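Using the sequences plus the hints, can you model the full thing?
For the record, the sequence lines run as chains G and V. One rule links them: number in this note's numbering = place in the first sequence (from 1) + 119. One rule links them: number in this note's numbering = place in the second sequence (from 1) + 207.
Each hint should be verified, as a subset may be incorrect.
[Unchecked claim] The calculated DSS-like cross-link candidates involving lysine-lysine, where the alpha carbons are at most 27 Å apart (straight line), are: (1) V:Lys610 with G:Lys147; (2) V:Lys536 with G:Lys390; (3) V:Lys382 with G:Lys390; (4) G:Lys126 with V:Lys610; (5) V:Lys292 with V:Lys382; (6) V:Lys284 with V:Lys231; (7) G:Lys273 with G:Lys287.
[Claimed, not checked] Covered stretches of chain G (chain V as the covering partner; in silico rule of three or more C-beta atoms under 8 Å from a C-beta of chain V): (8) 190-198; (9) 357-367.
Rather than coming from a laboratory, the hints here were simulated on the basis of the structure. This one's a predicted model, so the numbers in the text were calculated from it and none came from an experiment. Each residue gets a CB set at the ideal place from its N, CA and C atoms; glycine is no exception.
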Amino acid sequence: MATLYRKTLNWLDERFGAGSVEEFLRHKTVPVTRHILWYYLGGMTLFLFIIQVLTGILLLLYYRPTPNDAFESVQFIMTQVRFGWLIRSVHSWSANLMIFTAFLHMFSVYFLKAYRKPRELTWISGMLLFFIVLGFGFSGYLLPWNTLAFFATKVGTEMAGSVPGIGKWLLVFLRGGQEVTGATLTRFFGFHIAVLPGLATLLLAIHLFLVQKLGMSVPPSVERAVAEGRTSLRNMPFFPNFLLRDMIGWYAALGVLGGLAAIFPWELGTKADAFAAAPAGIRPEWYFLFMFQTLKYLPARILFLEGELAGILGISVAAVVWIMVPFLDRRIGFGRLTRVFSGLGVFVIGYIIVLSALALR
Amino acid sequence: MTKSIIFVALLFLSLRAAVAAPPKDTCITCHAALGGDLAKPASQFEVDVHHQAGLSCADCHGGDPSDDSMNAMSHAKGFRGAPKKNQIPEFCARCHSDAAYMHRFNPQMRVDQLSEYLTSVHGKRLKQGDTKVAACVDCHGVHNILAVSDTRAPVYPTNVASTCARCHADPAYMKGFDIPTNQFALYEKSVHAQTLAGGDTSAPTCSTCHGNHGATPPGVSSVANVCGTCHVMNEQLFEKSPHQAAFAKMGLPGCVQCHSNHEIVRPTDAWVGTGPQSVCTTCHTPGDKGYGAAQAMLADLTHLDSSLTRAAEVLNVAERAGMEVSGPKVELAGAHEDLVKARVDVHTFDAAAVGKLTDSGVEIAAKSYQAGVAALRERDYRRKGLGLALIAIVLAIGGLYLKIRQMESGDSIGHRGDVERKAREV
Chain G
120 MATLYRKTLN
130 WLDERFGAGS
140 VEEFLRHKTV
150 PVTRHILWYY
160 LGGMTLFLFI
170 IQVLTGILLL
180 LYYRPTPNDA
190 FESVQFIMTQ
200 VRFGWLIRSV
210 HSWSANLMIF
220 TAFLHMFSVY
230 FLKAYRKPRE
240 LTWISGMLLF
250 FIVLGFGFSG
260 YLLPWNTLAF
270 FATKVGTEMA
280 GSVPGIGKWL
290 LVFLRGGQEV
300 TGATLTRFFG
310 FHIAVLPGLA
320 TLLLAIHLFL
330 VQKLGMSVPP
340 SVERAVAEGR
350 TSLRNMPFFP
360 NFLLRDMIGW
370 YAALGVLGGL
380 AAIFPWELGT
390 KADAFAAAPA
400 GIRPEWYFLF
410 MFQTLKYLPA
420 RILFLEGELA
430 GILGISVAAV
440 VWIMVPFLDR
450 RIGFGRLTRV
460 FSGLGVFVIG
470 YIIVLSALAL
480 R
Chain V
208 MTKSIIFVAL
218 LFLSLRAAVA
228 APPKDTCITC
238 HAALGGDLAK
248 PASQFEVDVH
258 HQAGLSCADC
268 HGGDPSDDSM
278 NAMSHAKGFR
288 GAPKKNQIPE
298 FCARCHSDAA
308 YMHRFNPQMR
318 VDQLSEYLTS
328 VHGKRLKQGD
338 TKVAACVDCH
348 GVHNILAVSD
358 TRAPVYPTNV
368 ASTCARCHAD
378 PAYMKGFDIP
388 TNQFALYEKS
398 VHAQTLAGGD
408 TSAPTCSTCH
418 GNHGATPPGV
428 SSVANVCGTC
438 HVMNEQLFEK
448 SPHQAAFAKM
458 GLPGCVQCHS
468 NHEIVRPTDA
478 WVGTGPQSVC
488 TTCHTPGDKG
498 YGAAQAMLAD
508 LTHLDSSLTR
518 AAEVLNVAER
528 AGMEVSGPKV
538 ELAGAHEDLV
548 KARVDVHTFD
558 AAAVGKLTDS
568 GVEIAAKSYQ
578 AGVAALRERD
588 YRRKGLGLAL
598 IAIVLAIGGL
608 YLKIRQMESG
618 DSIGHRGDVE
628 RKAREV
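And the structure:
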C-alpha cells in the first residue's frame with residue numbers, strides 16, 4: 120500500500136514538478152487551538168457542495184425544465200427511478216445543510232476575526248460564494264414547479280422588483296416577463312445548473328487558493344497568548360491528520376443525509392397552478408425568512424420612501440457593510456479584538472434567529 | 208378700490224355657496240325635529256338604498272319638499288301620504304314596474320315583482336282584504352330599505368329564512384292560516400341551512416324553492432321540478448325510474464317522500480337497504496323486487512365506501528411517512544367520484560346500474576390500496592437500507608478514529624496528541 124502511494128506521488132512529481140504535490144501536502148498545517156472545531160466548517164460546506172454537484176448531475180438525467188413536465192419529471196424521479204427518491208431527497212436536504220454550514224462558517228470566520236489582514240480577499244470571495252449559495256437555493260426551489268415554490272418565487276421576485284432603480288428591469292430579467300411562467304422556470308434552471316455553478320467554481324478556486332496561499336488564520340486571543348509567552352502555538356499537519364478528522368465529519372454528514380432522506384423524504388407538494396389562489400401563509404425558505412419578516416414589519420412609508428423600498432435598501436447596505444468588514448474593522452491588530460464588531464456579529468445572529476422565529480410562528 | 212375687492216369676494220362666495228348647497232328637503236328637516244315615531248323616517252332614510260340613489264321622500268310620497276309650510280303636504284302639491292297596507296304593492300310598483308325608469312338606476316333590475324307578487328299566496332290574500340299577509344315593506348323594510356346584496360338586508364340570502372320566520376314561525380300570528388309554524392326550526396337542521404351558514408350564499412333558502420315575490424308552496428306534482436332546479440341529475444334519473452309513475456299514481460310528492468321538505472338532512476347510505484334507517488322499507492316489504500334491489504344497492508355502496516376508506520388510510524400512513532403517493536391519491540379521488548355518481552344513480556333504483564359504478568370504483572380503490580402497501584414496503588426497505596448504511600458509516604468512522612490514534616500515538620509518530628512536534632519535523 121505504501122509502495123503504491125509512493126509510486127503515485129512519484130508519477131505526479133514527474134508531471135507537476137519535483138515534489139510539488141508532496142510540498143503542497145506537507146506545508147499545509149492547521150493551528151491546534153480550543154477553536155479548532157470551527158475549522159472543519161469550510162471543509163464540511165465544500166463536502167456538501169460536492170454532494171450537490173454529484174446528486175444534481177444525477178437529477179439532470181431525468182429532470183425536464185418545462186411547466187408541463189417539471190413536476191411530473193420530479194414525481195417520476197421520486198417514484199419510478201431506482202434510488203431517485205434518495206438522490207432527490209439528499210439533494211434537497213444537502214442544499215439546506217450546506218446553507219446552514221455556510222452560515223456557521225461565515226460567522227465562525229467573523230468571530231475569530233479570520234478576515235483580518237492579509238485575508239480580506241478570502242473573506243470577500245467567501246461572502247460572494249455565500250450569496251451564490253443563496254442563489255442556488257432560490258433558483259433550485261422553483262425547479263420542482265410545485266405550488267409552494269411557485270408562489271414563494273412570485274413573492275421573492277417581487278421583492279427583487281423593489282430594488283431601487285433597477286427593480287423593474289431585475290424583475291423582468293428574473294421572471295423572463297412580467298409574471299412567473301415557464302420562461303421563469305427555464306431561466307432559473309439555466310441559473311441553477313450553468314451560471315451559478317460556473318461562478319461558484321471560479322470563486323471557489325480563488326477562495327481555496329487564498330486559503331492555501333495565506334494558510335489558516337490563528338485566532339487573535341491565541342496569537343496574543345503566544346506573543347505573551349503564556350502558551351506555545353501548536354500545529355497539526357493538514358495531511359493526513361486534519362483530513363482524516365475532516366473525513367469523520369463527512370461520513371457523519373453522509374449518515375445524517377441518509378437518515379433525513381430515508382425518514383423525512385423531501386416532499387413534492389402539488390403541481391403549481393398559476394390560476395389558483397396563493398396558499399395561506401406563503402413564505403420563503405428558512406434562510407430568507409429574516410429578510411421577509413423585516414419587510415413585513417416595515418410601515419407603508421418611511422420618510423419619503425416606500426416601506427418595502429427602504430427595507431430592500433437597508434438590507435443591501437447591511438450586506439455591503441458586512442462584506443466590507445475587513446476594511447472597516449481597522450482597529451484590529453495583532454492579537455487585539457474590536458468589541459464593536461463582535462457586538463455587531465452577536466446582534467446580527469440574534470436578529471436573524473428572532474426574525475426567523477417570528478416568521479415561523 | 209378696497210370696497211370693490213370686498214364686494215367681488217363676497218359675491219363670489221355667495222355664488223359658490225348657492226352652487227354647493229344641497230337641494231332643500233323640508234320633509235327631512237321637519238320630521239327630524241318632530242321626534243318620536245314621526246322622526247323615524249327621517250333618521251332611517253339616511254341608509255336607505257333609495258336615498259343612496261338620490262331619491263327623496265317626495266319621490267314616493269309626493270308633496271313639495273321646498274315649501275317650508277304645511278302646504279308642502281297638500282294634495283294640491285301632489286302629496287300622496289303613507290299608503291294603506293293593501294295599496295303598498297302598487298305604491299312601490301309605480302317605479303319598480305316601470306322598466307324605462309328602473310333602467311336608469313340598474314339596467315339589470317327586474318321589473319316583474321308586482322306581477323309575480325299577485326300570483327303569490329301573499330298577493331292573492333291581500334287582494335281579498337287580508338292585511339296580515341306580507342307585502343313589500345314587511346320583508347324589505349320601509350324607510351331603511353337596503354340593497355339585496357347588502358349583508359345587513361333582511362332579504363340577503365343568509366337572512367331570508369329568519370325574515371320569513373318572523374311571521375311563519377310565530378304561532379300566534381299564523382293562527383287562522385292553517386299551516387304549520389315549525390318550518391324554520393326544521394329548515395335550520397337541514398343541510399341547506401348548514402351550507403348557507405357556512406358562507407355558501409348559493410345554498411337554498413326559503414325563497415329558492417318557494418319563490419320570493421311569487422312565494423307559493425310547490426304542489427305535489429312540481430316538487431321534483433323545484434328540487435331538480437339544482438339537483439338536475441337526481442331529478443332526471445327519478446323521472447326515468449319506475450318510481451315516477453308509481454309515486455304519481457299513489458299521489459306521493461317525489462323527492463320529499465324520502466328526503467322531507469324543510470328538514471332535508473345529508474342522506475346516508477343506510478337510507479337505502481332494508482335496515483332500521485331505510486326509507487325503502489316504508490313501502491317495500493321482504494320478497495318484493497324493490498326490497499331486493501335496495502339490499503343489493505346498499506351492499507355495493509358499502510363495499511365501495513369501505514374499500515375507499517381502507518385505501519385512503521394506507522395511503523395517508525404512507526404519505527405521513529414521507530412517501531410520494533400523490534399519483535395513487537389522484538386515482539383514489541376518481542374512485543370517490545364513482546361513489547358520488549353511484550349515490551346519485553340510486554335514483555334510478557336500478558341495482559345493476561349502481562353496481563356497475565361501484566365495481567369500477569372498487570377496482571381503482573384496490574389498486575390504490577396496493578400502491579399504498581407497496582409504498583409502506585418501500586419505506587421499510589429504505590429504513591433497513593439506512594440501518595445498513597449507518598452501520599457501514601459507523602465502522603468507517605471507527606476505522607478513521609483508530610487510524611488517527613495509531614498515527615498520533617505510535618512510536619513512529621510521537622506520543623499521542625503531540626502533533627505539533629510532528630509538524631515541526633515535517
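If you draw a straight line from the CA of Lys292 of chain V to the CA of Lys382 of chain V, is it 27 Å or shorter? holds, 20 Å
Proposed proximity, Lys287 of chain G with Lys273 of chain G (alpha carbon, max 27 Å): holds, 14 Å
Lys536 of chain V and Lys390 of chain G: Cα distance at most 27 Å? holds, 14 Å
For the segment 357-367 of chain G, do three or more residues have a beta carbon lying closer than 8 Å to a beta carbon of chain V? holds (count 6)
Taking only the CA atoms, is the gap from Lys126 of chain G to Lys610 of chain V under or equal to 27 Å? holds, 22 Å
When you check the alpha-carbon spacing of Lys284 of chain V and Lys231 of chain V, does it fall within 27 Å? OK: Lys284 of chain V and Lys231 of chain V at ~16 Å, within 27 Å.
Per-stretch coverage check for the segment 190-198 of chain G, three Cβ contacts closer than 8 Å to chain V: holds (count 3)
Holds or violated: Lys610 of chain V with Lys147 of chain G, Cα cutoff 27 Å? holds, 20 Å
For the pair supplied as a hint, Lys382 of chain V and Lys390 of chain G, is the alpha-carbon distance within the 27 Å limit? violated, 61 Å
Of the numbered hints listed earlier, the single one contradicted by the structure is hint 3.
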